[in-house]
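Peer 1: Model the full assembly from the supplied sequences, consistent with the hints where possible.
Listed below, chain by chain, are the residues.
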Amino acid sequence: MAKLRYAEALNQALREEMQRDPSVFLFGEDIARYGGVFKVTRGLMDEFGEGRVRDTPISEQTLAAMAVSAAMTGTRPVLEIMYADFMPLVLDALINQASVYEYLWDVSMPFVLRTQGGGGAGAGAQHSKSLDSLVAHIPGLKVVAPVTPADAKGLLKTAIRDSQPVIFLEHKLLYNLRDDVPDDPDFTVEIGKARTVCEGADISIFATSRMVLESQKAAELLAADGISTEVIDLRSLRPLDLAAIKTSIAKTHHAVVVNEGWRFCGYAAELSATIMDHAFDDLDGPVARVTLPDMPVPYSEPLEMAVLPNAAKIADAARATLR
Amino acid sequence: MKNSPSTTERIEMHRKMVLVRRLEERLGELHKTGKTRGPIHRCDGQEAVGIGATAMLAASDYVTSTHRGHAHYVGKGLGVHGIAAEILGRETGYCGGRAGHMLIGEKASGVMGGNAIVGASIPAATGMALSIQVRRASDVAMCFFGDGAAQTGICHESMNIAALWRLPVVFVLEHNQFGLTVHHSVQSPVADLSIRGAGYAIPSEIVDGNDAVAVYRAVATAVERARRGEGPSLIEAKTYRMQGFSTSDMGGYQSEEDLAAWAARDPIRVSFTSLVDAVGKERLEEVERAAIAEVDEAIEAALEAPLPTFAVYEKTAPYAETL
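So the protein lines, in turn, are chains P and S. Mapped onto the numbering used here, the consecutive letters of the first sequence carry residue numbers 1 to 323. Mapped onto the numbering used here, the consecutive letters of the second sequence carry residue numbers 1001 to 1323.
If you're looking for bench data, these hints aren't it; they were derived computationally from the structure. Please note that the accuracy of each hint is not assured.
Said to hold, decoys possible - Label-pair distances were calculated between CB atoms; the ranges are:
1) D30/P x L1303/S: 36 to 46 Å
2) Y34/P x Q1187/S: 34 to 44 Å
3) L1303/S x Y34/P: 57 to 67 Å
4) R1228/S x Y34/P: 53 to 63 Å
5) D277/P x Y1313/S: 17 to 27 Å
6) F280/P x R1166/S: 52 to 62 Å
7) T1007/S x Y103/P: 58 to 68 Å
8) E199/P x K1315/S: 31 to 41 Å
9) P286/P x Y1313/S: 29 to 39 Å
10) A306/P x T1181/S: 43 to 53 Å
11) E1091/S x P22/P: 31 to 41 Å
12) A1198/S x R33/P: 26 to 36 Å
13) D30/P x G1153/S: 50 to 60 Å
14) S23/P x D1258/S: 44 to 54 Å
What the hints assert, rightly or not - A short list of chain P residues far from chain S (calculated; beta carbon distances all over 12 Å):
15) G43
16) G51
17) A65
18) I138
19) P286
From a predicted model like this one, the values you see are computed outputs, not experimental measurements. Glycine included, every Cβ here is placed at the ideal spot set by N, Cα and C.
Peer 2: Okay, here's the thing in structure tokens:
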């Protein structure tokens, strides 16, 4: 077990999987010579060569379509899309190509699309969004969003070995987070399993990506009011760990869902509806939603902080639904 | 002449063009009597492009096609029964009735496959060529696309990347003059789209798309170049769409003069005339009769084949409890 930053854990996962399987290759903007804007791919071109770690032109739409077709024809591409805000450019490849061929042609399609989103870094309206719902909406794609360095490594290794497309959502404020990461090259984390961050008896918070950290802080705020909070890191946005969600609600009878994306038709809305579908009888109050408001992410710090979901907003939502 | 097809190959190309023509004519009739669902995009008059360009390919080579793919399917080795049954929505179709005529794919034959998003065949083939290069294989990927698709952004992105990385891909521009109803002169200021090759340092050539032998020669040179690792080529095959865009096209935008001029240069007639001295009228007519009978039998059998029964596709279902 070593202490690694989240970005280093991802780097280790890529290195190990490239050593393990020669059909794994990486491509994306600025990932090879420079090592990636967030340094996730640092050193990999030197180790594996320009054939397997490729800098690309700025052509997201084509790159994503190439990942789909390369994956159907004997390789395991890992494509980096620098910002989640660029994901609208790749939606044809995901919606009209990746989503259909497994079903129509009975082929496997093992590619990973890594991207990073989220606010808090002053990157403005076109570099700060979480567009989780756009990808989680698409049948045939798995969507994961690790928070801890260990999950970052374990889930990326699993994603690369998966026979279906996996959208791998990172967060720009997590890359410097340091924590224990297993160094066993066979360490993986199963897709579709949530992680219980802390156990509680009064209310369950289901959160994604960096919002898990804010939810942990919210649990501390609520503890001061005598409220015992269970925080669940969903890790896998699709498929959802429905069993973990139901088990937690059966215990606490109250739920808050937290996602950094937009509210209307957002990922939190889907979570809320799913909870109604499957755990309505166990609920003693409405499911509370904490999201970004339906507006662009502003630039200036006080403006950006005003719109981002945070511990205080999550705690307020929890108190409201408990009332 | 270098890369000329043998007489045996030419007879086979002739046979396959007749197969496709008969298939199109029968599909037109079946559509009118309500036996097919949705639009059918016929390629009458364009058969020499798909058949001539695929005649020198191996099963391990890949072809990506368009919404108008019947000649590409037959040229790359798909059987008429499986195509007809798919279009008639039957269990014995290549995709069990899940795909329909625009989306037929079969990995074992390298048909990867039809694509109903105009332009999407271009990055698809480019990605397959990337896979071939990463695996250090000697296969090629061939992309069929039209003059309409040539106006997409992904066409530009793909050609740039293919040339940059010297990918083993052959771009076959099937220039049939119309994007749906819009004449090419209203879509591009450039009549000969292949001149764009120069902008990517891709060698390009214009051929008579109604002459299967001319198509074969140009494409065979491009295929050999790709196999040698020298990168992509662009072949612009000038042809003409004799039927409407699809079976729902009400027409009125193609001039009678143009239709008559191109009918006089029908690719099957061109092929017959050029072969008759070497092969003999009787033998060629026997080949044609056999091809027509093969299509008719395949369609009769497809009409007798069972319709599929629906099953939820578990691989892409979000979680088991919604099944």
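Peer 1: Return holds or violated for the Cβ distance of S23/P and D1258/S against the range 44 to 54 Å.
Peer 2: For D1258/S against S23/P, whose Cβ atoms are near 49 Å apart, the range 44 to 54 Å holds.
Peer 1: Has the hinted range 17 to 27 Å been met by the Cβ atoms of D277/P and Y1313/S?
Peer 2: Given range 17 to 27 Å: holds, Cβ gap about 20 Å.
Peer 1: Looking at A65/P again, its CB stays over 12 Å from all of chain S?
Peer 2: violated (4 Å)
Peer 1: Can the suggested window of 31 to 41 Å be confirmed for the beta-carbon pair E199/P and K1315/S?
Peer 2: holds (33 Å)
Peer 1: Evaluate the condition: distance from the CB of I138/P to the nearest CB of chain S exceeds 12 Å.
Peer 2: Given a closest Cβ separation of 9 Å, the condition is violated.
Peer 1: Between P286/P and Y1313/S, does the beta-carbon spacing fit 29 to 39 Å?
Peer 2: holds (33 Å)
Peer 1: State, for the Cβ atoms of A1198/S and R33/P, whether the hinted interval 26 to 36 Å holds or is violated.
Peer 2: The hinted range 26 to 36 Å holds for A1198/S and R33/P, with Cβ atoms some 28 Å apart.
Peer 1: Run the C-beta distances from G51/P to all of chain S and say if the shortest one exceeds 12 Å.
Peer 2: At about 6 Å from chain S, G51/P fails to clear the 12 Å cut-off, so the statement is violated.
Peer 1: Assuming the hint says 50 to 60 Å, is it satisfied by the Cβ distance from D30/P to G1153/S or not?
Peer 2: violated (21 Å)
Peer 1: Given the hint of 34 to 44 Å, check if Y34/P and Q1187/S actually sit that far apart at their C-beta atoms.
Peer 2: holds (39 Å)
Peer 1: Between L1303/S and Y34/P, is the Cβ distance one that fits in 57 to 67 Å?
Peer 2: holds (60 Å)
Peer 1: Holds or violated: is the Cβ of G43/P farther than 12 Å from all Cβ atoms of chain S?
Peer 2: holds (20 Å)
Violated hints for the displayed structure, listed by number in ascending order: 1, 4, 7, 13, 16, 17, 18.
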